[in-house]
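Number of protein chains: 2
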Amino acid sequence: MHVIVVYDISIERVNDIKKLLKKYLNWVQNSVFEGELTLGRMKELEIDIGKVIDKENDSVILYSINNPIWIKKKIIGKEKATTENII
Amino acid sequence: MHVIVVYDISIERVNDIKKLLKKYLNWVQNSVFEGELTLGRMKELEIDIGKVIDKENDSVILYSINNPIWIKKKIIGKEKATTENII
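One line per chain: the protein sequences are B and E, in this order. Counting from 12, one number per residue, gives the positions in the first sequence under the working numbering. Counting from 12, one number per residue, gives the positions in the second sequence under the working numbering.
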């Protein structure tokens, strides 16, 4: 399935969540990762996110779409993911 | 169609993009908006975004899905949109 992850996380944990998401997905933009995952990997990712974040204050949203052709992506401005490698 | 917008924008223009996106969509999380738009409204939004951003440096991604049932949303941690109204 195609997965988009966005996070809104306290600065102390930003590096941890980035490091974790990089294992599963591709960096797209500031606080956005995207990629293809099996249902099993998706479940693993959810568990790992739960270990890294402070559930009282941090927020992570996972959008998933079974068929990637169902989702269209349009970029306005600079495509950050291909021009910068800063994570 | 269901639309998710994420942005990575220079601090000077963050308030402008938030104000613009609020006219079309609902705030979900830091730099993420979401909602239903007709194709016409989607085109208008794309034009308006082009007027607000600096295309050399800023980046806005619009994900669109024709049928909202195709997309699943899972929140881990705090659901920011319903607990805070800070935009």
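Because the hints were derived from the structure by calculation, they are not lab data. These numbers come from a predicted model, not from an experiment. For each residue, glycine too, the CB sits at the ideal point set by N, CA and C. Mixed in with the good hints there might be a few duds.
[To be verified] Capping the alpha-carbon separation at 30 Å, the derived lysine-lysine pairs in DSS-like fashion look like this:
{"no.": "1", "chain 1": "B", "residue 1": "Lys84", "chain 2": "E", "residue 2": "Lys89"}
{"no.": "2", "chain 1": "B", "residue 1": "Lys54", "chain 2": "E", "residue 2": "Lys30"}
{"no.": "3", "chain 1": "E", "residue 1": "Lys30", "chain 2": "B", "residue 2": "Lys62"}
{"no.": "4", "chain 1": "B", "residue 1": "Lys84", "chain 2": "B", "residue 2": "Lys33"}
[Said to hold, decoys possible] From the derived model, a few chain B residues whose C-beta atoms are all more than 12 Å from chain E:
{"no.": "5", "residue": "Lys34"}
{"no.": "6", "residue": "Arg52"}
{"no.": "7", "residue": "Gly88"}
Comparing the hints with the structure gives:
no.: 1; hint: B:Lys84 - E:Lys89; result: holds (27 Å)
no.: 2; hint: B:Lys54 - E:Lys30; result: violated (36 Å)
no.: 3; hint: E:Lys30 - B:Lys62; result: violated (34 Å)
no.: 4; hint: B:Lys84 - B:Lys33; result: holds (20 Å)
no.: 5; hint: Lys34; result: holds (16 Å)
no.: 6; hint: Arg52; result: holds (14 Å)
no.: 7; hint: Gly88; result: violated (5 Å)
In summary, the numbered hints that this structure violates are 2, 3, 7.
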